[in-house]
Amino acid sequence: MTTILAMDFWTSIMPNVVANKDVFIQSTWETIYMTLVSGIIAGILGIIIGIALVVTAPGGILANRTTYWILDKLVNIFRSIPFIILLAVIAPFTRLLVGTSIGTTAALVPLTIGTAPFYARQVQNALVDVDRGIIEAAEAVGASPMQIIFRVYLREALPDLIRTSVVTVISLIGLTAMAGAIGGGGLGNTAISIGYDRFENDITIMAMIIILAIVFIIQILGDLWARKTDHR
Amino acid sequence: MAANAPIIDLKGIDVTFKEADRTVRAVKNVDLEVAKGDIYGIVGYSGAGKSTLVRVINQLQRQTSGKVTVSGQNMGALKGKALRQARTKIGMIFQHFNLMNERTIGDNVMFPLLLGSKLSRHDKQAKVDELLDLVGLSEKKNDYPAQLSGGQKQRVAIARALANDPEILISDEATSALDPKTTSSILDLLKNLNEKLGLTVVLITHEMQAVKSICNKVAVMQSGEIVERGDLLTIFSKPTQQLTREFIETSSQIDAALANVVAQPSIQHLQANERLVVLSYAGASTDDPLIAQLYEQFKVTPNILFGNVEILQNTPVGNLGLVLSGAGDAVDKALAYVKEQGVSVRQINVAEYQAELARKAAEADTNAEGEA
Ligand SMILES: Nc1ncnc2c1ncn2[C@@H]1O[C@H](COP(=O)(O)OP(=O)(O)OP(=O)(O)O)[C@@H](O)[C@H]1O
Ligand SMILES: [Mg+2]
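From first to last, the protein sequence lines stand for chains Y and Z.
Under the working numbering, the residues of the first sequence are numbered 1 to 232, in order.
Under the working numbering, the residues of the second sequence are numbered 1 to 372, in order.
Simulated pairs of lysine to aspartate or glutamate, EDC-like, Cα-Cα distance not exceeding 20 angstroms:
no., chain 1, residue 1, chain 2, residue 2
1, Z, Lys191, Z, Glu173
2, Z, Lys79, Y, Glu136
3, Y, Lys228, Z, Asp107
4, Z, Lys141, Y, Asp230
5, Z, Lys89, Y, Glu136
6, Z, Lys140, Y, Asp230
7, Y, Lys228, Z, Asp143
8, Z, Lys81, Y, Glu136
9, Z, Lys89, Z, Asp172
10, Z, Lys89, Z, Glu167
Sample of chain Z residues facing chain Y (criterion: CB under 8 angstroms; computed from the structure):
no., residue
11, Asn58
12, Leu60
13, Arg87
14, Phe94
15, His96
16, Asn98
17, Glu102
18, Phe111
19, Leu114
20, Tyr144
21, Ala146
22, Asn164
No lab work stands behind these hints, which were simulated from the structure alone.
Don't be surprised by glycine CBs; every beta carbon is placed ideally from N, CA and C.
All chains, please: the whole structure from these sequences, using the hints.
And the structure:
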């Protein structure tokens, strides 16, 4: 009885949302899928590149001018390309990698490439903030470069890494909204190609509400976790 | 390694930093021998090259030329794993402690044991407990560095530096960020470790007070060179370099006393037969009734202005400011006698000394303005 009443309520204020319930479930799932998969791959790439930038920088534990110069320039270039252009430019590469240049899975490639350099910079900034003296103390007790990376840099920078990861994931969710341009689906696509194009405003608003909810949840969990690990 | 070979042997060490616009020769052809069991002080003003020199010992800084031998090993030839292994036998502590903020006190001390120690998990824990006990911080094991005072942090750093049972401990300005009371407790701890574990300590500092309280040898550095070195007593009672004297005076406050004395009218107008002198003596000569002799043998009257006695390595070292007056060349004869007794004599020309003070004050002013 109450559920029927509640349904009536929703049908009256968001008629199109209720009619397109399945579309919302589908596109929410697409957004989560794109964020998760490209987030994990870009996360791994970003951490590797970020670490490489820090250790090869002048004065770093594995200082190497050439490697640093190349990485630094690559990161800058890829960060400068607007995402919507990146989508189109790397289409051939995407086809090579996943067999198609349209669809949700195809969107993973530009999302990853668009996010990794951004995250790499964030990781670099977090690691650079680890006091040089702490690194030196570790070297003085005989730690190897790998031990310094895993047991000192990543460990000491953990609270900052969590915070920057949250920022990155949120910006990644923003990028997934553009994935509709290559048929990637997702909530952004639903908002534009259904809500906006067909003047069904309640769909646009609902898509926004779901995205905001996801962002808030990630932000709150991230903050809690960062605070829990931070002992400075 | 021969039984009496120095545990640290630096020969002809040069370190040059090349930067885009300039090169800095931070260490210039330095030889340094530290014997096992020494507490070797290295003093000098900021920028003298002290840190660079000691960082060469564990090769955190590679020398541009010269040879570094530690416990018989040619450090310059070591790379990778062998170098890291050698470093575990050289502990190091720093001015800013350099503890890991995200690890507990216990885990900070554990850190060196996680890098390849063959001890079992249980033995590692036991080692950490033993070290924390040694530095008196057992009850802080589960706290984080942010919860500790500076002195406590330095104790943790010492425990960490000792985790691999090093033979050598390098202390780079380890007490410079601490208050005097905490400083002396940290120095006492180092002295204790030196006696208890036979630890050889290299102590860098710009505070002569620290050297005075625990070192048995001292080297004075200026612009990348060691300008004077020797055992503590000799350096303190018979310094030969101006810089050494400056460091000694700042720690004994003889300078302050002298400045006070020369400001007095009676001292500014000394008679022809009067002389202002500072006598410095170490050890046995303190026992002789020297002052009494001045009058009995030479009929010279000593007027005592100030004095202080300090105990360095169980030996009294004293400074005495006097005005001597006597007839004819009696004062000269008396001073010659005093020197024969192994007491060093510094005659102060009041006018020159005042001019010198004025010059220094002006210099300090310009420096302060430059910094402001
Ligand atoms: N990595 C470096 N690159 C360039 N110059 C350096 C480097 N390290 C030290 N120097 C220079 O070498 C000189 C000696 O420095 P060092 O740190 O050894 O002095 P210090 O005696 O330890 O001084 P302080 O008491 O301030 O610690 C200084 O002029 C310093 O600027
Ligand atoms: Mg220094």
